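**Student:** From first to last, the protein sequence lines stand for chains A and B.
With our numbering, letter number 10 in the first sequence gets 10, and the count goes up by one each step, no holes.
With our numbering, letter number 26 in the second sequence gets 26, and the count goes up by one each step, no holes.
Any given hint could be a false lead.
[To be verified] Just so you have them, the derived chain B footprint on chain A, three or more residues with Cβ under 8 angstroms:
| # | stretch |
| --- | --- |
| 1 | 61-72 |
| 2 | 106-117 |
[As the list claims (entries may be wrong)] So the derived label-pair ranges between C-beta atoms look like this:
| # | chain 1 | residue 1 | chain 2 | residue 2 | range |
| --- | --- | --- | --- | --- | --- |
| 3 | A | G143 | B | A38 | 22 to 30 angstroms |
| 4 | A | T48 | B | L32 | 29 to 37 angstroms |
| 5 | A | A200 | B | G16 | 21 to 29 angstroms |
| 6 | B | F17 | A | T202 | 20 to 28 angstroms |
| 7 | B | L32 | A | A11 | 28 to 36 angstroms |
| 8 | B | G8 | A | F86 | 51 to 59 angstroms |
| 9 | A | G21 | B | L32 | 33 to 41 angstroms |
| 10 | B | G24 | A | T15 | 36 to 44 angstroms |
| 11 | A | P47 | B | L36 | 18 to 26 angstroms |
[Unchecked claim] Residues from chain A that keep clear of chain B, each with C-beta distances beyond 12 angstroms, as calculated:
| # | residue |
| --- | --- |
| 12 | F86 |
| 13 | R89 |
| 14 | R156 |
| 15 | N171 |
| 16 | I174 |
| 17 | V179 |
| 18 | L185 |
| 19 | S198 |
Think of the hints as simulated: they come from the structure by calculation, not from any bench.
On a predicted model such as this, the values are computed, not experimentally measured, just so you know.
All C-beta atoms in this analysis are idealised placements derived from N, C-alpha and C, irrespective of residue type, glycine included.
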Amino acid sequence: MSATIKWFWFASPQTFFPLAGVIARACWVGAALLALAGLYVGFFVAPTDAQQGEAYRIIFIHVAAAWMSMFLYVVMAFWAAIGLAFNTRLSSMMASAMAPTGAMFTFVALWTGALWGRPTWGAYWVWDARLTSELILLFLYLGFMALQAAIDDPRRADRAGALLAIVGVVNVPIIYYSVQWWNTLHQGASVSLTRAPSMASTMLAGMLLMALAFWLYSIAASLTRVRCIIQERE
Amino acid sequence: MNWGSWSGFWAMGGYGFYVWGAYGVTFAALALEIFLLARRSRETKT
Numbered sequence: 001m002s003a004t005i006k007w008f009w010f011a012s013p014q015t016f017f018p019l020a021g022v023i024a025r026a027c028w029v030g031a032a033l034l035a036l037a038g039l040y041v042g043f044f045v046a047p048t049d050a051q052q053g054e055a056y057r058i059i060f061i062h063v064a065a066a067w068m069s070m071f072l073y074v075v076m077a078f079w080a081a082i083g084l085a086f087n088t089r090l091s092s093m094m095a096s097a098m099a100p101t102g103a104m105f106t107f108v109a110l111w112t113g114a115l116w117g118r119p120t121w122g123a124y125w126v127w128d129a130r131l132t133s134e135l136i137l138l139f140l141y142l143g144f145m146a147l148q149a150a151i152d153d154p155r156r157a158d159r160a161g162a163l164l165a166i167v168g169v170v171n172v173p174i175i176y177y178s179v180q181w182w183n184t185l186h187q188g189a190s191v192s193l194t195r196a197p198s199m200a201s202t203m204l205a206g207m208l209l210m211a212l213a214f215w216l217y218s219i220a221a222s223l224t225r226v227r228c229i230i231q232e233r234e
Numbered sequence: 001m002n003w004g005s006w007s008g009f010w011a012m013g014g015y016g017f018y019v020w021g022a023y024g025v026t027f028a029a030l031a032l033e034i035f036l037l038a039r040r041s042r043e044t045k046t
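One chain only, chain A, in its complex shape:
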């Protein structure tokens, strides 16, 4: 059996169902272990920040959650678009399965940001370009979920949700580049692909461990939810 045929084999919800269960279980375990490692590095190995004292330790969950909130939206819009273009049931189900997890991480990014902003900026919230565009991302997730919940026919709900998800994807680069395009209170990226990270290596290690933990958590949660959706629909 060639790789191409296998790919389509797993595009069927029935054959994907047991595979999703196996991957989800492995990811739940991996996420828990990586989160423990990340918390250990974040609280016991990484040193106190010279400027922000201990308040900076919010970074380990804040940045990881913010990355996931944007990344999950792009992947959700991708699956929604595939479902819309090729009428594949599983793709649309994946998009629906990812939305609540993405919304949760967006909320976490905003919440941890507020509690970090108060001691460092002096305000829980400011109408800064980065913060405002991230808030819009939360509304996009909630709008996607509300729209799908409001339509009884699941296939029609998939198509309507897909349109919203695809239009909303324009917001993701706005969030990402907001700190460069506008004069924001929010700081620029500490980690980028093009230059060395501007932080201590143990701090970076803690952040990457938490990001990886959230990543596996997202895979586990989405696959567990898509299994529920498959059972509910088919």
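Following the hints, put chain B in place on chain A, whose structure we already have.
**Tutor:** For chain B alone, kept in the frame of chain A given last:
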């Protein structure tokens, strides 16, 4: 090691409210999603 004692650990250098407020709500949100997912899985199986 960063912390001399447990009380020092919980105080977080005076930022305890912000740091533990952030971590507490984050893990509560994760736990809530896991709980809701587990309940939905149980309900769909029967």
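**Student:** Hint compliance check: list the failing hint numbers for this structure, sorted ascending.
**Tutor:** Structure breaks hints 9 and 11.
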